[in-house]
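Asker: The C-terminal residue of the sequence shown carries number 109 in our numbering, and the numbering is unbroken.
FYI, nobody ran anything at the bench for these hints, they're computed from the structure.
Take the hints with a grain of salt, since some may be wrong.
[Said to hold, decoys possible] The following label-pair restraints were derived from C-beta to C-beta distances:
no., residue 1, residue 2, range
1, E93, T52, 35 to 45 Å
2, M1, R65, 16 to 26 Å
3, A103, V8, 36 to 46 Å
4, Y106, M45, 33 to 43 Å
5, M1, A97, 20 to 30 Å
From the three backbone atoms N, C-alpha and C, an ideal C-beta is built for every residue, glycine too.
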Amino acid sequence: MSDETTTVNELRILVEKFVAERDWHSFHNPKNLSMSLAIEAAELMEHFQWLTLEEGAKVKLDEKRKHEAGEELADCLAYVIAIANAMEIDLSETLRAKMIQNAVKYPAP
Numbered sequence: 001m002s003d004e005t006t007t008v009n010e011l012r013i014l015v016e017k018f019v020a021e022r023d024w025h026s027f028h029n030p031k032n033l034s035m036s037l038a039i040e041a042a043e044l045m046e047h048f049q050w051l052t053l054e055e056g057a058k059v060k061l062d063e064k065r066k067h068e069a070g071e072e073l074a075d076c077l078a079y080v081i082a083i084a085n086a087m088e089i090d091l092s093e094t095l096r097a098k099m100i101q102n103a104v105k106y107p108a109p
């Protein structure tokens, strides 16, 4: 699976299956999931904490550090998808609409 061949729906099914197999639906409410997302985002930030901009940009060149940061990013994405699943939000539709709003709010030069 790669970003070029995987659909958002396939990722949603992957996350839903994982949650269902563990009977976690009772815990997967918007409040808990949004808090979990914030925690995972903080864990991602730890990989860059105290680094200069130049040092932070070099994390992608270190395979171990890149992998570790990628795992935290994957955790963030899993929670974003879990929130979308729990709230029945179409991520593709919502992101497209938000980018249109952003383009109006922050027009390109």
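Asker: Evaluate each hint against the coordinates.
Answerer: These are the hints, each one checked on the structure:
1. E93 / T52: 35 to 45 Å: 39 Å, holds
2. M1 / R65: 16 to 26 Å: Holds, at about 23 Å.
3. A103 / V8: 36 to 46 Å: Check failed, 21 Å falls outside 36 to 46 Å.
4. Y106 / M45: 33 to 43 Å: The hint (33 to 43 Å, Cβ to Cβ) is violated, given that Y106 and M45 are roughly 24 Å apart.
5. M1 / A97: 20 to 30 Å: With a Cβ separation near 27 Å, M1 and A97 satisfy 20 to 30 Å, so the hint holds.
Violated hints, listed in ascending order, are 3 and 4; each of the other numbered hints is respected by the structure.
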